[in-house]
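Peer 1: Chains as they are written, first to last, in the working numbering: chain A, 2 to 488; chain B, 919 to 1144; chain C, 277 to 613.
Among these hints, one or two may not hold up.
Some but not every residue of chain B turned toward chain C, in silico, with C-beta under 10 Å [what the hints assert, rightly or not]: (1) Met919; (2) Ile921; (3) Arg924; (4) Asn927; (5) Leu929; (6) Leu933; (7) Pro1039; (8) Thr1042; (9) Glu1117; (10) Val1133; (11) His1138; (12) Cys1142.
Calculated pairs, DSSO-like style, for lysine-lysine (alpha carbon to alpha carbon, straight line, at most 30 Å) [as the list claims (entries may be wrong)]: (13) C/Lys587 x C/Lys465; (14) C/Lys399 x C/Lys487; (15) A/Lys290 x A/Lys203; (16) A/Lys161 x C/Lys522; (17) A/Lys305 x A/Lys377; (18) C/Lys465 x A/Lys203.
Bear in mind the hints are in silico, worked out from the structure with no lab data behind them. Keep in mind that this is a model prediction, so the values were computed, not measured. Where a beta carbon is used, it is the ideal one built from N, C-alpha and C, also for glycine.
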Amino acid sequence: MASASAPIHELGERGLLPPGTTFNDITEAVCRVTEEKAPRGWWMLFLPSVGLLGLMVSCIVYLLSMGIGVWGNNTPAYWAWDITNFVWWIGIGHAGTLISAILFLFRQNWRTSINRFAEAMTVFAVLCAAIFPALHTGRPWFDYYLAPLPNQMGIWPNFKSPLMWDVFAVNTYLTISVIFWYVGLIPDLATLRDRSKSLRRKRIYGALALGWRGSHRHWQHYERAYLIFAAISTPLVLSVHSIVSFDFATSVMPGWHTTIFPPYFVAGAVFSGFALVLTLMLIVRSVFKMHSLVTLKHLDLMNKFMLGTGIMVGYAYAMEFFVAWYSGNPYESWVFFHNRLGFGYLDQEGNWGPLWWSYYAMVSCNVIAPQLFWFKKVRTSIPAMFIITIFINIGMWFERFVIIVTSLYRDFLPGSWGGFEATWVDIALYAGTFGLFFTLFLLFIRWVPMIAIAEVKATLPHAHPHHSDDDHADDHAAGLAEPAPAE
Amino acid sequence: MQIFPRELNLLPMVLAGVATVAGAGLVLVVWIYLSPSHLQVGYSPEQPVPYSHRLHAGELGMDCRYCHANVERSAEAMVPPTQTCMGCHAIVRTESARLEPIRESWETGEAMEWVRVHQLPDHTYFNHSTHLYGALARTGEGGEEVRVAIGCESCHGRIDQMEVVGVAEPIAMQWCLECHRDPSEHLRPVEEITTMGWEPSDEWLEHTDEHVAAVLPPTHCSGCHR
Amino acid sequence: MANDDEDTKTGKRPSSKPPEADKSPSEKAVKAAAEEAAAKGELAKAKAESEPEDKKVEAEVAAKAAERAKADAEDAKEAAEEAGDESTAAAAEMTAKDAEKTRAEALETAAEAEAELEEAEKKAASEAESKKVESKKAEKSDDGDDHHDDGDDEEGEPEMRPALYLAEYESPDDLAHAAASIRDAGYEKWDCHTPYPVHGLDKAMGLPETKIGFISFVCGMVGLASAVLMIQFMNNWDYPIIIGGKPPGSFPSMVPIMFELTVLLTGFGTLFGLFHLCRLPRHHHPIFESDRFESSTDDRFFISIEVEDPKFDLKKTRALLENTHPSHLELVEEEIA
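Isolated chain A, as found in the complex (with noise of 0.2 Å):
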């Protein structure tokens, strides 16, 4: 947080929050949200989103009864929607880490606002994103096997598998940012044991802050603990998303085996990733009235990074093409131009590859979209970029599904070729994990505090000691700084 808390004036740049706004202004306009009764929005997005858990917990229940065959994965799609969505969640969960992690070293003040929100979004997407390939080994109750553990089997994983190694990321990753998450909550699960009035909310808040007590003994290792944990994750969520490419990218298979996939997977995922914290943020925001703390401004630099990212993994859709058409690879080539542009290569009836529509819904959201975002009405309009947003995460879905299943549905023999159709299940599945999603989600920003109280407070203009805007500030410093004489 070092000197994070500085505007620098010389670029123009103003504090985030209004003036005035004092220390205690920002504990209440925070806390509040987990001490009055819950708005009638809250109870509405509440109770449906723990009906769609309910059906996840039987959908799942299902599966388990009945086999994977209750999908519609087949010959010779034999990943669809579960390795979609699971993608798709844990590209979802890559806004979190980014904001805190990457934003925190780039010393990005605006991210104080977000930064508790999205983390909590990361651990909830990751969770999310991990049901589908526990459940898609078909036999859940031996994903014990991919630990190195001791087994009767004899034998160890396989360290040389990709599929290996995004057990490991992704288990690495969901620890992670469930450390960094719980690090930072801690003192401000303090500020709640504070204002409390019950002594069973204090109980509860004081056992989760573990007797934090402000002390700066303790902020001085914390801040650089926080530090580390940003600098470590930095390269953790850059790492995710390439390890989940190399599911793909490390194959034979003709539209997977690229090495532009890392870079593409982690624009793409940072790109979904703020499209859900924004969608989310939104409507938080109106719920709880936290306009205060989360501004226009915030929003607007978050519109940009997306408009950023969008561009990056509209690059990478249009290399694709260019390496297949340069590369002069048939196969490859058909994947592009017949699975998934559709009427490039046809088949020998003359048709266009069925799944082409899937190709256009993603271009259309993910590099069409965002496009209105070089606007800065469009980026400053709430509902405008609400729409945006949903188009987006829209669109991601559709990259992961034209990724995975219009790369396998026409494989190198005419005669394998298949095609796929979701299931019930598959369609309920998906619907259900959005209920464990929104339940956790609520839950949190119901009980928790949903904005980094300290963190915020540190921003203010008037927070430290030698940094108001007058100019004796140095004078003081230079008092303050001579360490005491040795004894």
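Let chain A serve as the given structure and place chains B and C on it in line with the hints.
Peer 2: Below, chains B and C without anything else, positioned relative to chain A:
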């Protein structure tokens, strides 16, 4: 306001201790108690007829292959049909009440429903004949040739001593691999495969290396997971 | 001691009265009585010199006896003078003078004894104080089980003892200045409590650099090493798996796991290192006894100085904190466990 008692400050130490013990305990429990050597060994289901291997294979000294015919030449060790039983029991103990289901099966033509004791998972390829048919080993400079194979008892135990047949060895991958990596002590002349309690002679043991070289069991994945 | 002064004053009285002739008829009896009293005074004086505790009391008793002897002798002298017996009067006067001398000596002894007693008391008090400090130093562990029964700080409620001073400040500026002055006063077991990390406080408090980076680094390296060893053991030694014709120990395929385990163990190291360095979780702390402290996580800034600090002194520390102009200052007490 003090909300917790002073004793709670011991919590981190207690938790650290509990977590260590619980973690190690969990791994040990899974490792020991969820293993086939604990879950599978000793499984001996009741059969429709209390057929005694101890009597037939042990006391009467019948060869395994009298009933499990052609086991050394086929992938599956077959379970004998009613006809095999009746080959003797049409004459021997024709009135025995215990043999009533056999006679009934003989008359109606309905097969006996023996309960399977040893069963490998579907994703494992196992062939009895590769283990029993024998591989040609050249021992000594004179070029003497012997066929070496695995005996029944290596996997099924001392059948001749079992009143009711049960699982004697953990039929699990690690156990298979132990032998595939070093089969020397399980190899025997092909003539002795059904012998129970066979002891190798000193002369046999001198040629262990040649025997193993002749067999060379696979330890790669596709050896069994084809 | 007030008595002492009075005694000294009364002691002057006989010297102001000039000795006169003595004419008592019963001169022998009077003289004997006076001598006896004087002897008693001598005895008491001698006895008083033995023990410092009793010395003062004995000396005072001796002085009183001597006074009484003197008074008797004077009475005898007056009687003798009235009777016209000169020689007896002179003898009585002599006795009175002796008695007076004895009394003065006794009084001197009493004053000496008094001084000695005071000194002894001082010595005992300082010894007790140093013992108290030592016993506190002995149990520096923060485990909260600091129970010792030096009853000298009790204030009506026998089960409480002072735990720390808690000074409250309105702004980070005030806090930083106060911190600097406490740092300069050489305190060790004290702390600032702020709702968010205040920058510049490290220097204001004179804190050394945190060691958490070292812990994280070591754990990260352990993670890296364990990844390499684990993969080499599992895939190349215990059960070699040849994939894609790559040799055992092929490095590139190990990189992802090496990276992930490095990050994972760095994360654990940082988390548990943080807990270790902060001695958290610690749910019970005397500072929570203060109700005002609850605003430390909202918008107030606090400095606490604990009694465990070797320099802690109820009066001096309070004075030091008052000089930093806190908006509120309190002595937080905790129950003796």
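Peer 1: Each of the hints needs a verdict: does it hold here or not?
Peer 2: Each hint, compared with the structure:
Annotation: interface hint on B/Met919 holds; nearest CB of chain C at approximately 6 Å, less than 10 Å. Here the hint on B/Ile921 is kept, as its CB sits about 7 Å from the closest CB of chain C, short of 10 Å. Because the smallest distance between the Cβ of B/Arg924 and any Cβ of chain C comes to about 5 Å, under 10 Å, the interface hint for this residue holds. Interface restraint check for B/Asn927: the shortest CB-CB distance to chain C comes to about 5 Å, inside 10 Å, so the restraint holds.
Look at B/Leu929: its Cβ gets to within about 6 Å of chain C, closer than 10 Å, so that hint holds up. For B/Leu933, the shortest C-beta to C-beta distance to chain C is roughly 9 Å, which falls under 10 Å, so the interface hint holds. Nearest Cβ of chain C to the Cβ of B/Pro1039: about 19 Å, over the 10 Å cut. The hint is violated. With 10 Å as the threshold, the beta carbon of B/Thr1042 stays out of range of chain C, its nearest partner Cβ sitting at about 17 Å, so the hint is violated.
At a threshold of 10 Å, the smallest CB-CB gap from B/Glu1117 to chain C is about 32 Å, leaving the interface hint violated. Interface restraint check: B/Val1133 against chain C, minimum CB-CB distance 20 Å, threshold 10 Å, status violated. Evaluation of the B/His1138 hint against chain C yields a held restraint, the C-beta minimum of about 8 Å falling below 10 Å. The interface hint given for B/Cys1142 is violated, since its Cβ lies 14 Å from the closest Cβ of chain C, which is over the 10 Å cut-off.
For the hint pairing C/Lys587 with C/Lys465, the CA-to-CA distance comes to about 9 Å; that is within 30 Å, so the pair holds. Distance check on the hinted pair: C/Lys399 and C/Lys487 sit about 44 Å apart at the alpha-carbon level, beyond 30 Å; violated. With a C-alpha separation of about 25 Å, the suggested pairing of A/Lys290 with A/Lys203 holds against the 30 Å cut-off. For a cut-off of 30 Å, the pair hint linking A/Lys161 to C/Lys522 stands: about 10 Å separates their Cα positions.
Restraint check for A/Lys305 and A/Lys377: the C-alpha separation of about 10 Å stays at or below 30 Å, so the hint holds. Taking the CA atoms of C/Lys465 and A/Lys203, the gap is near 28 Å; set against the 30 Å cutoff, the hint holds.
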